[in-house]
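Participant: The chain contents come next:
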Amino acid sequence: MLGPTDYLLWFLTAFLEAGAVVCALRAKCFGRYFVLGVYMAAAFLLTAGRYIVFLHFGFSSDQYLYFYYYSDALLTICLYFALMGLYFQVFGEMGAKTSLRVAAMLLLAGTALVSYFIIDSSRDRMITRFVVELSQNLYFVGVVLTYLLWGAMLKLRETRTRLIQLVLALGVYFSAFAGCYALRNLHPEWQIWRYVSHLMAIWLPVAWSYTFLKIPEEARLATARLAATRSR
Amino acid sequence: MIAALIFVISIATLLQFFVSYCRSVIAGYTKQELSLQGREITGIENRIVRAEEFQRLLQLLGLCPEPGTDASDIRAVRAYFKLLSLARKAVGRLAPAVADWAERERRTCAYFAAVALDRRIAYSRELMTQQISNV
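Residue numbers (the numbering used here), protein chains in the order written: chain A, 1 to 232; chain B, 1 to 135.
Bound-form chain B, shown alone (with noise of 0.2 Å):
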């Protein structure tokens, strides 16, 4: 009996935790605008980022130069973003508050991605840049 209390008291804490630093690690890209050229090339108009673009995002993030800081963070919202998706379908019809919180994570997902994207065009910029100068 109390192995079970333990057990579910654990799982629930753990959901809370893991969402938790999930949402520290994309924090800190959330609170950067897009740049007008990363708009651009996305397609985004304003902060709202539709959920369905976060596949897109990741696609054109690989066409890009790493620039090395960035794809663990991008893995581990992929993940992030994985389990969401799966929690919206499992309990979606069963408690639709916790579909939509779900496709509110999914969306600043998205948005983690188009600021991802938008980083590393600027450092292909950079990049491109310097070697024209060193030619």
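In isolation and in its complexed conformation, chain A is listed as follows (with noise of 0.2 Å):
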């Protein structure tokens, strides 16, 4: 059964999502980060879809366990896109598009098929075990994706603050999630997971919201005063 709690975090959640779009388009830069504000549109519809689906079939339905994890799969893909999207604009004024392009779509068919290849070699677990440790491969690639992307634009001294703080936003996202999924798969019967993923899922409208509205296109900011292992 779902507390109060949890359905404060989910209106939480779904109200942040669409806040997100909104501020971005209060800042006048939803074009300029599309993919982005195409992400956060996608994940309200699809939190407001997980309710809806749980209205008819319950918390504990199989139709709600398969569309959470399909759902959430898919929006990990989003993800990507929106990943490449802030690739683009680091490396686009660089010539790197096509390359970049067909890179991550490599990345993405392998990760999947690694994932198919580890789970169909065990037969005997369920499919929404496959969905599990699917998603945290793809947060796992996320990560590292991620982490490139911040390697090179300490490299590269980017110095747009907009850009650095949706990038390494961004990050703590994927890191958070891609390590309470490898906890997931190692302590499967934790209650915890449920309020844990929802805190999480709040941090990433929240910071790209603040982002969109605090820091002006135009700030900048010297990349290698942010590294984590640099002293002031």
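Check each hint, because a few of them may be wrong.
Listed next, with one range per pair, are the computed distances between beta-carbon atoms [what the hints assert, rightly or not]: (1) B/D100 - A/L113: 38 to 48 Å; (2) B/Q59 - A/P4: 30 to 40 Å; (3) A/T5 - B/L63: 27 to 37 Å; (4) B/G92 - A/H56: 46 to 56 Å; (5) B/T69 - A/Y66: 39 to 49 Å; (6) B/Q131 - A/Q191: 49 to 59 Å; (7) A/I192 - B/A71: 25 to 35 Å; (8) A/F81 - B/A79: 29 to 39 Å; (9) A/F57 - B/A97: 51 to 61 Å; (10) B/M1 - A/G151: 21 to 31 Å; (11) A/A41 - B/V135: 47 to 57 Å; (12) B/M1 - A/E93: 34 to 44 Å; (13) A/V206 - B/L86: 20 to 30 Å.
Below, a sample of chain B positions facing chain A; criterion: calculated Cβ distance under 7 Å [said to hold, decoys possible]: (14) A3; (15) I6; (16) S10; (17) I11; (18) F17; (19) F18; (20) Y21; (21) R23; (22) A27.
Below 27 Å or equal to it, Euclidean Cα-Cα: the simulated DSS-like pairs (lysine-lysine) are [as the list claims (entries may be wrong)]: (23) A/K155 - B/K31; (24) A/K97 - A/K155; (25) A/K214 - A/K28; (26) A/K97 - A/K28; (27) B/K82 - A/K214; (28) B/K82 - B/K31; (29) A/K155 - A/K214; (30) B/K31 - A/K214.
Keep in mind that the hints were calculated from the coordinates and are not lab data.
Glycine residues also receive a C-beta, built at the ideal position from the N, C-alpha and C atoms.
The two chains are supplied separately, each in an independent frame; assemble them into the complex guided by the hints.
Facilitator: So this is what it looks like as structure tokens:
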């Protein structure tokens, strides 16, 4: 059964996801960060979709379970496109768009295939297990890709504050979810995941809304000051 | 085994990204020098502020009218400061280098609070000037 906290976190997530789209529109940067806006809109629609499936079939139903995990995998793939959008922002001026597109598609297909073959080798396990493992792997590849992007930004001395904050917020989100899914794989019996995943889902819309509203496009920052291992 | 490895790597990257994110929020403030009036009120002589001053500066911030632009920054930095204090206490004896790093970060947070206070004081003065000119 769901308690008031679950409902509160659910509605809050949907509200913040829609809010992030509104903030991007209000800051007049929706076009520039179009893929990020589309991701947030998709996240809002799927959060609403999950609620509708929950109302019709209940929280413990197979329908809800399947819808939750498959919509999560779909959202992660959308987030890949959002990440690619950020790659294009960083490398766009270097004329590497086509190579980036091909590399991203190959990586995505490769991750899905590897996850499928891992699960296919142990057929006695449930199909939902595949989705949890797929999500864990997708999020982890997301962590690696975001880390590579951040490394490239440090190397290229990227100074656009808005872009820096969008990438770092995405890095926090990917890392938190990858870690959470990995621990969930290790301890599937822990019930706390339900709250943790909701709380983590709040992070990205809040951080992106903040960046869209508070950081002007022309704001600049020395990236070298931000490296976590660097002392001031 | 793979899940355990992913977990460890993810936590390490999470910390790196989070620290860099917080630094990017703070960086907008630390570029700024404190005004003369800000220095007089806070009692801060130069750019080095003791980490212990952070709470006092936050209390002073609470006394100033909010311009409505810095509340989320202050909340984020307060959370970062708490995390750093926790890290310093937790691993301070085992890893003195981490404790030193956390202390430097805490000092930067304190400087952030001083600049935020300075900005609020400037905002209050502006409000007062406007009120006087309206009378």
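Participant: Does the hinted range 30 to 40 Å hold for B/Q59 and A/P4 at CB?
Facilitator: holds (34 Å)
Participant: Taking only the CA atoms, is the gap from B/K31 to A/K214 under or equal to 27 Å?
Facilitator: With Cα atoms ~17 Å apart, B/K31 and A/K214 stay inside 27 Å; holds.
Participant: Verify the interface restraint on B/I6: the C-beta must sit less than 7 Å from at least one C-beta of chain A.
Facilitator: Hint holds; B/I6 Cβ to chain A Cβ min 4 Å, cut 7 Å.
Participant: Taking the least C-beta to C-beta distance, is B/R23 closer than 7 Å to chain A?
Facilitator: holds (5 Å)
Participant: Given the hint of 46 to 56 Å, check if B/G92 and A/H56 actually sit that far apart at their C-beta atoms.
Facilitator: holds (53 Å)
Participant: Are A/F81 and B/A79 spaced within 29 to 39 Å by their CB atoms?
Facilitator: Cβ of A/F81 to Cβ of B/A79: about 30 Å, so the range 29 to 39 Å holds.
Participant: Taking the beta carbons of B/M1 and A/E93, is their distance inside 34 to 44 Å?
Facilitator: Because 42 Å falls inside the window, the suggested range holds.
Participant: Regarding A/A41 and B/V135, is the given constraint of 47 to 57 Å on their beta-carbon distance met?
Facilitator: holds (49 Å)
Participant: Starting from A/K155, check that the Cα of A/K214 is at most 27 Å away, please.
Facilitator: Holds, at about 26 Å.
Participant: The hint says 25 to 35 Å between A/I192 and B/A71; measuring C-beta to C-beta, is that right?
Facilitator: Between A/I192 and B/A71, where Cβ atoms are some 30 Å apart, the hint holds.
Participant: Could you check if B/F17 really has its C-beta closer than 7 Å to a C-beta on chain A?
Facilitator: holds (4 Å)
Participant: Take the C-alpha atoms of A/K214 and A/K28, compute the straight-line distance between them, and say whether it is at most 27 Å.
Facilitator: Holds, at about 12 Å.
In summary, the structure agrees with every hint in the numbered list given earlier.
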